[in-house]
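Q: What follows is each chain in one-letter form.
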Amino acid sequence: MDLQEILKQLGETFLDWKAIGEVLPKMFAVGLPNTLVLAVTSGVIGTVLGMLLALMGISRNPVARWIARVYTDILRGLPPVLTILVIGLGFGPIIRQLSGSTSPYPMAIAALSLMSGAYIGEIFRSGIQSVDKGQLEATRALGFGYGPAMRLVVVPQGVRRVLPALVNQFIALIKESSLVFLLGLVATEREIFQIGKDAASTSGNLSPYVAAAIFYLALTIPLTHFVNWIDRRLRSGRPEKKEPDEAAAVVGKGAQA
Amino acid sequence: MSEFVSGTLTAKNIHLSFGSNRVLRGIDLHVEKGTTASVIGPSGSGKSTLLRVMNRLIEPEQGDILLDGRSVLKDNPDELRRRIGMVFQQFNLFPHKTVAENITLALRKLRRMSKERAREEALAQLDLVGLKHKADARPANLSGGQQQRVAIARALAMKPEVMFFDEATSALDPELVKGVLALMTDLAKGGMTMVVVTHEMGFSRNVSDTVTFMDAGVVVETGSPEQLFTEPRTDRLKGFLSDVL
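Protein sequences appear in the order of chains A and B. Numbered according to our numbering, the first sequence spans residues 242 to 498. Numbered according to our numbering, the second sequence spans residues 77 to 321.
Hints in this document: simulated from the structure, not taken from any laboratory. Check before you lean on any hint, since a few could be wrong.
Unchecked claim - Here are some of the chain A residues that sit facing chain B, going by a computed Cβ distance under 7 Å: (1) PRO274; (2) PRO321; (3) GLY375; (4) ALA379; (5) LEU383; (6) GLY384; (7) VAL394; (8) PRO397; (9) GLN398.
Claimed, not checked - Restraint-style ranges between C-beta atoms, simulated for each label pair: (10) B/ASP140 with A/SER367: 35 to 45 Å; (11) A/ILE308 with B/HIS275: 39 to 49 Å; (12) B/ASN152 with A/ALA270: 51 to 61 Å.
Using N, Cα and C, we set each Cβ at its ideal position, and we do this for glycine too.
Please model the entire structure based on the sequences and the hints provided.
A: Written as C-alpha cells, this is what we have:
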C-alpha cells in the first residue's frame, strides 16, 4: 500500500463530504440545540450551586464547611462518566415513579450540574479567599453586616478574578455533556456527539464524528479565546494613564489650614 | 471646613486575647468631644487592635466602650460603626468601583439615599479633600495620597461622630504624607473627635490634644503632648522616643 492509497483511505474514512453533508441538518436541528441546552442549563445550575458551596466553604459554621468539603471532595474525585451513569441510572427510576416522566434528560442535567457545581465551588472559593482581608474590614467599618459586605464588596471582586477559570469550566462542561449518550436519550434529545455516533454507525463511516468535532470546536475555540481576552483585560486593566499626584502639595482646603 | 457633630469616646478597662496572646490588658482611653487623641507605641503594642475593639470590629472580652457617656456594647455593632469612621493604612478602597461609587455605596445602602442625592453628597465630600475631578476614576489610577484622601472622604460621608486613623500615612511615599497629614490636621481643627494611631511624631506632638503611649497591651503613659514629649516619666517611653525621634 503506498502513501497515496493510505491518504485516499484516510480521506474516505474521515472526510466523506457526502456523509458529513447528510448529518449536518440533524446536527443543526437536534444536536446543537441539545448540547447547548445541556451545557447552559447545567452551567447555570452549577454556578448557583458552586456559589452556595463556596460560601459554605468559607463560612464560620463548621458543619456548613464540612458539608461543602465532603461534597466537593467526592464529586471532584469521581470520573464524570461514573457520576453520570450512577446519577442517571440510579436516580432516574425514582424520578420516573415520582413524576411519571420517562426521559433521562433531566437526570443528565442534574448529573452535569452536580459535577460542575463541585468544580465551580472550588473556583469561587479560591477567588473569594484571594480578596484582601482589608476589603471586608473596610466594608464592615462603614457599618455593613457580614452578609451585605460579602455580597456587595468581597464576592464581586472574588468572582471577577476567577472569570477565566469559570469560562474554562464551561468549556469542560460542553465537552462532558457528550457523556450523557450513556443514558439512552430518545431521538429528539440527542446531542452533538450522539448524532455523530448514530450516523457513523449506520453509514459505517467515521466522517460524522468529524462533523461533531467541528461543532464542538466551533463552540469551544471562541470560548478559549474569550478566556484569554478576559485574562489579558484583568491583568492590565483598562488602559488609563496614571497621573502623578499633582494635588499632593495643595490639598484642597487642607493646605491652607 | 464645616463643623462636625462629634461625640465623646471612652474605653474602660479593655481586655482582649488572641489565644494565649494577651493583646490588650486593661486599656483606658478617654477622648473628649472635638479633640484629637494620638496613640503611639512600638509595633505589636496593640494600638491598631484597640481601634478595632473600640468600633467592635473585634469584640472585647472585658471592659466597656462608651459613646457620649452611654455604653455601646449592647447596641447593634453595625449601627455603632456607622457612627465611627475608620481610615486604614492600606486605604482599602473598593478597586472594582469608581471613586464616587466608593463613597455612595454606604450612603445608598445604609443611609437609603437616592442615587442623585448620594452622588451629590459624594462630590461634596470629594471637593473637601480636593479630588472632585477624580470622581469617575478607579482607585488604581490614583496615587497613594489621593487614595487615602478618598478613603477619608468615604468615612466622612457617613457623618461620623468619631474618626479613627490606623497608621493612615505609613504606606505612603514620603512626598505624599504631607497632603494627608494636612487634611487630618484640618479635620482636627474643624472639631472632629479623632483617635489617631500614628508613627508621625510631628503630628502627634503638634496636632493632638492628648497623647497615649502603649506598649505590650497596656497604656504606659498618657497626657498632653508637651508632657509626654518633653518630660517622659517612664523608661519605656524614653526608650521609645529615643528610637523614633
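Q: All hints, please: hold or fail.
A: Verification of the hints:
1. Here the hint on A/PRO274 is broken, as its CB sits about 36 Å from the closest CB of chain B, past 7 Å.
2. Hint status for A/PRO321 relative to chain B: violated, with the closest Cβ pair at about 34 Å, above 7 Å.
3. The interface hint given for A/GLY375 holds, since its Cβ lies 4 Å from the closest Cβ of chain B, which is under the 7 Å cut-off.
4. Checking A/ALA379 against chain B by beta carbon gives a least distance of about 4 Å; that is within 7 Å, so the hint holds.
5. For the restraint placing A/LEU383 at the interface with chain B, the shortest Cβ-Cβ distance is roughly 4 Å, inside the 7 Å limit, so the hint holds.
6. Interface hint at A/GLY384: satisfied, since its Cβ lies 3 Å from the closest Cβ of chain B, which is below the 7 Å cut-off.
7. Contact between A/VAL394 and chain B, as hinted, is supported at the beta carbon level, the nearest pair being about 6 Å apart and thus within 7 Å.
8. Checking A/PRO397 against chain B: minimum C-beta separation of about 6 Å stays under 7 Å; hint holds.
9. For the restraint placing A/GLN398 at the interface with chain B, the shortest Cβ-Cβ distance is roughly 5 Å, inside the 7 Å limit, so the hint holds.
10. Hint check: B/ASP140 to A/SER367, Cβ distance near 41 Å, so the stated range 35 to 45 Å holds.
11. In this structure, A/ILE308 and B/HIS275 meet the distance hint of 39 to 49 Å, their C-beta atoms being roughly 46 Å apart.
12. At roughly 59 Å, the beta carbons of B/ASN152 and A/ALA270 sit within the given window of 51 to 61 Å.
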